[in-house]
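Work out the full structure: start from the sequences and follow the hints.
Protein sequences, first through last, are from chains A and B. For the record, in the first sequence the residue sitting at position 173 is 173 according to our numbering, with numbers rising by one throughout. Just add 266 to the spot in the second sequence (first one is 1) and you have our numbering.
Keep in mind the hints are simulated off the structure, nothing from the lab. What you are looking at is a predicted structure, and each value in this text was computed from that prediction instead of being measured. Keep in mind that a hint or two might mislead.
[What the hints assert, rightly or not] No farther apart than 20 Å at their CA atoms in a straight line, the calculated lysine to any residue pairs in the SDA-like style are these: (1) A:Lys64 to B:Leu555; (2) A:Lys177 to B:Asp323; (3) B:Lys307 to A:Asp209; (4) B:Lys1081 to A:Pro155; (5) B:Lys994 to B:Glu1010; (6) B:Lys307 to A:Ala240; (7) B:Lys606 to B:Trp641; (8) B:Lys296 to A:Pro155; (9) B:Lys296 to A:Thr37; (10) B:Lys300 to A:Pro155; (11) A:Lys254 to A:Val238; (12) A:Lys61 to B:Glu989; (13) B:Lys1050 to B:Asp654; (14) A:Lys229 to A:Pro213; (15) B:Lys438 to B:Glu1010; (16) B:Lys994 to B:Gly1029; (17) B:Lys841 to B:Asn559; (18) B:Lys1081 to A:Thr37; (19) A:Lys64 to B:Lys1022; (20) A:Lys64 to B:Lys307; (21) B:Lys1022 to A:Ile175; (22) B:Lys841 to B:Leu555; (23) B:Lys566 to B:Val828; (24) B:Lys1050 to A:Val35; (25) B:Lys697 to B:Ser678; (26) B:Lys879 to B:Asn563; (27) B:Lys307 to A:Ile175.
[To be verified] Okay, the calculated beta carbon distance ranges per label pair: (28) B:Gly898 to A:Lys64: 51 to 61 Å; (29) B:Asn998 to A:Arg33: 48 to 58 Å; (30) A:Lys126 to B:Gly510: 55 to 65 Å; (31) B:Asp448 to A:Asn226: 30 to 40 Å; (32) B:Gly815 to A:Glu144: 47 to 57 Å.
All residues carry an ideal CB built from backbone N, CA and C; glycine is no exception.
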Amino acid sequence: MKNSSFLIDLTKCTGCRSCQVACKQWNELPAERTVNTGSYQNPLLLSSQTWTLIKFDEFEKQGKMHWLFTKIGCMHCEQPACVSICPVGALQKTESGAVIYNKNVCIGCRYCMIACPFHIPTFEWKKAFPFIKKCTFCFDRLAEGQKPACVCACPTGAITFGTRNDMINKAHGLINKRSNTYNPHLYGEKEVGGTAVMVLAPRDVAFSDLGFPKLSERPLPTWTWNALKFVPSQIVLVSAAMAFFYWLTKRKMKKKDADKEVQHDA
Amino acid sequence: MTNHWIDFKNADCILVMGSNPASNHPVAFKWIQKALENGAKLICVDPRFTQTAAKADIYAPLRSGTDIAFLGGMIKYIVDNNLYFEEYVRDYTNASFLVNPGFKMPGDNEGVFSGLTGTKTKEGFVSGTYDKASWSFQMNADGTVKNDPTMQDPNCVLQLLGKHFSRYTPEKVEQITGTPKDKLLEIYKTYGATGKAGKAGTELYAMGWTQHTVGVQNIRSMAIIQLLLGNMGIAGGGVNAMRGESNVQGSTDHGLLFHILPGYLQTPAAALPTLAAYNEKNTPQTKELQSANWWANKPKYMASLLRAFYDQGLPLEDAYALMPKIDDGVNYSWLTIFDKMYKGQFSGFFAWGQNPACSGANANKVRQSLTKLKWMVNVNLFANETGDFWQGPGMKPEEIDTEVFMLPCAASMEKEGSISNSGRWMQWRYKAVDSPGEAMPDGEIISALYHEVRRLYETEGGAYPDPILKLTWNYGKHFDSHAVAKEINGYFLEDREIKGVLYKKGTLVPSFAFLQDDGSTSSGNWLYCNSYTEDGNKAARRGTEDPSGIGLFPDWAWAWPVNRRIIYNRASVDKNGAPWAPNKPVIQWNATKKAWSGDVPDGGWPPLADTEKGMKPFIMKTAGVAHIFGPGLVDGPFPEHYEPLECPIDKNLMSPQMVNPAVKRWETDGVPELDLRASCDPRFPFVCSTYRVSEHWQTGVMTRWTPWLLEMQPEMFVEMSHELAQLKEIQNGERVTVTSARGEVEAVAIVTLRIKPLTIDGGTIHQVGIPWHYGWRYPDPKFKELRSANLLTPNIGDPNTMIPESKAFMVNVVKKEVKR
Chain A
1 MKNSSFLIDL TKCTGCRSCQ VACKQWNELP AERTVNTGSY QNPLLLSSQT WTLIKFDEFE
61 KQGKMHWLFT KIGCMHCEQP ACVSICPVGA LQKTESGAVI YNKNVCIGCR YCMIACPFHI
121 PTFEWKKAFP FIKKCTFCFD RLAEGQKPAC VCACPTGAIT FGTRNDMINK AHGLINKRSN
181 TYNPHLYGEK EVGGTAVMVL APRDVAFSDL GFPKLSERPL PTWTWNALKF VPSQIVLVSA
241 AMAFFYWLTK RKMKKKDADK EVQHDA
Chain B
267 MTNHWIDFKN ADCILVMGSN PASNHPVAFK WIQKALENGA KLICVDPRFT QTAAKADIYA
327 PLRSGTDIAF LGGMIKYIVD NNLYFEEYVR DYTNASFLVN PGFKMPGDNE GVFSGLTGTK
387 TKEGFVSGTY DKASWSFQMN ADGTVKNDPT MQDPNCVLQL LGKHFSRYTP EKVEQITGTP
447 KDKLLEIYKT YGATGKAGKA GTELYAMGWT QHTVGVQNIR SMAIIQLLLG NMGIAGGGVN
507 AMRGESNVQG STDHGLLFHI LPGYLQTPAA ALPTLAAYNE KNTPQTKELQ SANWWANKPK
567 YMASLLRAFY DQGLPLEDAY ALMPKIDDGV NYSWLTIFDK MYKGQFSGFF AWGQNPACSG
627 ANANKVRQSL TKLKWMVNVN LFANETGDFW QGPGMKPEEI DTEVFMLPCA ASMEKEGSIS
687 NSGRWMQWRY KAVDSPGEAM PDGEIISALY HEVRRLYETE GGAYPDPILK LTWNYGKHFD
747 SHAVAKEING YFLEDREIKG VLYKKGTLVP SFAFLQDDGS TSSGNWLYCN SYTEDGNKAA
807 RRGTEDPSGI GLFPDWAWAW PVNRRIIYNR ASVDKNGAPW APNKPVIQWN ATKKAWSGDV
867 PDGGWPPLAD TEKGMKPFIM KTAGVAHIFG PGLVDGPFPE HYEPLECPID KNLMSPQMVN
927 PAVKRWETDG VPELDLRASC DPRFPFVCST YRVSEHWQTG VMTRWTPWLL EMQPEMFVEM
987 SHELAQLKEI QNGERVTVTS ARGEVEAVAI VTLRIKPLTI DGGTIHQVGI PWHYGWRYPD
1047 PKFKELRSAN LLTPNIGDPN TMIPESKAFM VNVVKKEVKR
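Here it is in structure tokens:
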């Protein structure tokens, strides 16, 4: 399928964490040895062994109790900052929508970790030859005509998968049909130029309450492009300028030496 | 469940109380979501704001153990505001029946019903047994019940119901439950709206209702509400128990509990020495018109069951004589077993697919009982606290003489067979992989045991070999799930002609309508007769067509009885067979074809309006109508609020009787410390409840050993409010000790906004909650940490079922310094 997307409907997520386990199972990721830190959330953060997890947030807002379950993981941006910043092109946005990573090319510079506005890529800190790890969009399952593992595991249909247009239409359909249930904004439709993972939230909850950063619609690579686009011309111009000054200075010095010699002779 | 999982999508209002389906039955939420998408409202009532509450339209807190007060208030609201479905109540329930004037109710009888013989306990309340003679109806000369169709007579059930629950005012309910009055009224109004014809309300419950000394009466309260509102037998209605184990429905269906035989037949009592006496005592008779009184067929089912055990070589009376009998007045339930085991009255014990050292209430008593055994057989997938009890915390192995055998067994995907879900669907499963090592399926282990016991009886004799030696065991040397499934369905043991059709000896019986009382048919469980017939294994069907549109899926697997998906569905239509809800019909009468369409009708007779052949809808009740007045239980025909045995207040605000008077209490002679209770005791000031999380299952014997699950919920925790944490100077994530009169556990504190202190009778009560999935055996067995919730729970149970009161007991919580 080309240009596919996830739609994560947080009004349907009950925090069962089937997705968290399905991801571990499909990718054969080991479990981490954890302790209870005073929350159901475990592990607390994404890591090289945990590529998606459910974040648990509880708060009271306008006299109403909220306990929210948010799936976090790579947003598979349409114009990824990590792809743009990677000096060796280890990260790529594919036709299917997946942002995939090739460890054979990676040099371990971790610029992608700095560039990602969602703070997703994780690193194998404890290994001698460490690589970057993150959600793969189940790129390997898509190649076999199957849907991602988390989509298949979700019991309530909170995670669905289809073409980007279909998911956008579906989301807006839900927002219109059940305006009392949904926050009218579809996160990821436009943020940073759009992300393949889009999220719907409950009506009286803001995306910022759930930890989704407030981002402009401007794709992040365009920021660096503003500076980067001048580089070739700068290289040419600065090189030319420096060559000119070199010629000028050499000529001046040649003239100076010639004058000295004339004086000497006289 | 009277209905089934998919049916939830048909509800207009879903009340979740006594359960937490979002956490513990996640797939159910798919269907609840569908109902919500169609505009249904979800109401969640729970001591904590759970994962279900997070999805609910209305959430209300509740003090654990006060559900009857809450529901009683709803009954009062429904009656006072005339929200009940009058035609349904008059024609389909016993609301119009006249009760004996000698019947007295708690409002003017010291908090108890008439007929109680009891003594005052040292805690100050009366405890005893009820003589139910006064819980009876006034009779006509012809043997039918006197009734008043106008339902105005002060002795009629509806009026008595109103009088009894008139004491459950919103103010009183708020004082008892801690639920704010405005929330009570909001919920009563929203749910009460389903009393209109065409509207459906469903209730989802689980252990939150059953694990109380008033457990059965909790459910009775809801049954009364559902009957008043006309919600029984319809799509999106019902009283729906969400079973806590994938096949516990199967286990109760097939009679694994002591008081029933397969198919919910009574276990024979010693006072009934012959089959004739058994049938006489247990088969109900009725003179009521248009009552099918289906249990009148009991002799057919009992005879067929006996034939499944003992074939025609043995006369039926002789077969009955070989059946074990319950001694009169003796209770054989779980709590009794461990009490007697503690007293040294058991030499051996099969802990079969269970972990009593963690799952039994008052687990310290259970663990001590195990030390008295000569031998134990632990049949399980993994090592657990029961098989390894002798090296548990506080145990001295050198002083324990128990020989423990571990028999590793197969997991569910390593064997073929069926599982019956909460919706009564028998679904066939296949073997996916071989078991590791020496692990064997349970059926294979039982088969091997049988053959060896038989051989020993044959060669060595014994006290009474006949019950085993005379058994019909047609399964061969090895366990064969298909052979057993067919036996459960049943066979014709001789040629029989029924309604002009000849059924040959050795063929499978088509349904229980064909079972005979003369020993010519066999059936291992009359309810499942129709599941495996000459047409094949119906439990294995996977048809996905749903012509009804209401999610019946009649060709997917098979449901008992006779593939009926919604039971009591004759109550979903009026006297003429027209559905109350034409847009969601369960069954419908076609007058031209003179036949029903839709689900399998709960009796194929014409509608009630046909005075000659029509039948009333509640066919398993003697009078054909449902019980609003329910004299069948041991603790009262109407529910009444009583406090849990351990409670935070020193008086019952509803009546002078503190605790359910029919509760059976344990006194361990000479060892008082094992059956300790502490009510209204300053040492244990907080109400505690137990519950589950999505990530673990039961005592965690399988899930603690699964790394991906343990990662998500690694250790025992206790959830408490910020207010309580501040009171005890406890930080979120800090290790604490939770203690009760019976034991202590260590846990991590989860300090949360989702639990709030409640105002009960003017005072502040705190509640805490703990999961019961943990035990010392894994992970980190060498630390021998006390982690099992049941070390705290009381071994006191509901008087009807003996289910322990694990949902409301008193504890203390203190900070702990722990070196790990």
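Hints, verified against the model:
For the given pair, Lys64 of chain A sits about 54 Å from Leu555 of chain B by alpha-carbon distance, which is inconsistent with the 20 Å threshold. For the given pair, Lys177 of chain A sits about 17 Å from Asp323 of chain B by alpha-carbon distance, which is consistent with the 20 Å threshold. Only pairs whose Cα atoms come within 20 Å are accepted, and Lys307 of chain B paired with Asp209 of chain A is rejected, the gap being roughly 25 Å. A distance of roughly 38 Å separates the Cα atoms of Lys1081 of chain B and Pro155 of chain A; the hinted pair therefore is violated under the 20 Å criterion.
For the given pair, Lys994 of chain B sits about 17 Å from Glu1010 of chain B by alpha-carbon distance, which is consistent with the 20 Å threshold. Straight-line distance between C-alpha atoms of Lys307 of chain B and Ala240 of chain A comes to about 74 Å, which puts the hinted pair past the 20 Å bound. For a cut-off of 20 Å, the pair hint linking Lys606 of chain B to Trp641 of chain B stands: about 15 Å separates their Cα positions. Taken as a hint, the Lys296 of chain B and Pro155 of chain A pair is honoured in the structure, with Cα atoms around 6 Å apart against an allowance of 20 Å.
Annotation: proposed proximity of Lys296 of chain B to Thr37 of chain A is violated, straight-line Cα distance about 30 Å (limit 20 Å). For the hint pairing Lys300 of chain B with Pro155 of chain A, the CA-to-CA distance comes to about 12 Å; that is within 20 Å, so the pair holds. A C-alpha spacing of about 24 Å is found between Lys254 of chain A and Val238 of chain A, which places the hinted pair above 20 Å, so the restraint is violated. Distance restraint check for Lys61 of chain A and Glu989 of chain B: the Cα-Cα separation of roughly 19 Å lies within the 20 Å cut-off, and the hinted pair is therefore satisfied.
A threshold of 20 Å between alpha carbons decides the hint, and for Lys1050 of chain B with Asp654 of chain B the separation of about 12 Å falls inside it, so the pair holds. Note on Lys229 of chain A and Pro213 of chain A: the hinted pairing is violated, with a Cα-Cα distance of about 27 Å set against a maximum of 20 Å. Of the supplied pair hints, the one linking Lys438 of chain B and Glu1010 of chain B is violated, its CA atoms being roughly 34 Å apart against a limit of 20 Å. Proposed proximity of Lys994 of chain B and Gly1029 of chain B is supported: the alpha carbons are some 18 Å apart, at most 20 Å.
For the hint linking Lys841 of chain B to Asn559 of chain B, the alpha-carbon distance of about 18 Å falls within 20 Å, and the restraint holds. For the hint pairing Lys1081 of chain B with Thr37 of chain A, the CA-to-CA distance comes to about 15 Å; that is within 20 Å, so the pair holds. Taking the CA atoms of Lys64 of chain A and Lys1022 of chain B, the gap is near 13 Å; set against the 20 Å cutoff, the hint holds. With a C-alpha separation of about 17 Å, the suggested pair Lys64 of chain A and Lys307 of chain B falls inside the 20 Å cut-off, and the hint holds.
Restraint check: the Cα-Cα separation between Lys1022 of chain B and Ile175 of chain A comes to about 33 Å, which exceeds 20 Å; the hinted pair is violated. With a C-alpha separation of about 15 Å, the suggested pairing of Lys841 of chain B with Leu555 of chain B holds against the 20 Å cut-off. The straight-line distance between the Cα atoms of Lys566 of chain B and Val828 of chain B is roughly 16 Å, inside the 20 Å bound, and the hint therefore holds. Note on Lys1050 of chain B and Val35 of chain A: the hinted pairing holds, with a Cα-Cα distance of about 17 Å set against a maximum of 20 Å.
Using a Cα cut-off of 20 Å, the hinted pair Lys697 of chain B and Ser678 of chain B holds, with the two alpha carbons roughly 8 Å apart. Straight-line distance between C-alpha atoms of Lys879 of chain B and Asn563 of chain B comes to about 18 Å, which keeps the hinted pair within the 20 Å bound. With a CA separation close to 18 Å, the supplied pair Lys307 of chain B and Ile175 of chain A stays within the 20 Å bound. Separation of Gly898 of chain B from Lys64 of chain A is about 43 Å and departs from the stated range, judged on CB atoms against 51 to 61 Å.
For the hinted restraint 48 to 58 Å between Asn998 of chain B and Arg33 of chain A, the CB-CB distance of approximately 21 Å leaves it violated. Here the CB-CB span from Lys126 of chain A to Gly510 of chain B is close to 41 Å, at odds with the stated 55 to 65 Å. Separated by about 58 Å at the C-beta atoms, Asp448 of chain B and Asn226 of chain A break the suggested range of 30 to 40 Å. For Gly815 of chain B paired with Glu144 of chain A, a C-beta distance near 35 Å fails the hint of 47 to 57 Å.
Of the numbered hints stated above, those contradicted by the structure are hints 1, 3, 4, 6, 9, 11, 14, 15, 21, 28, 29, 30, 31 and 32, listed in ascending order.
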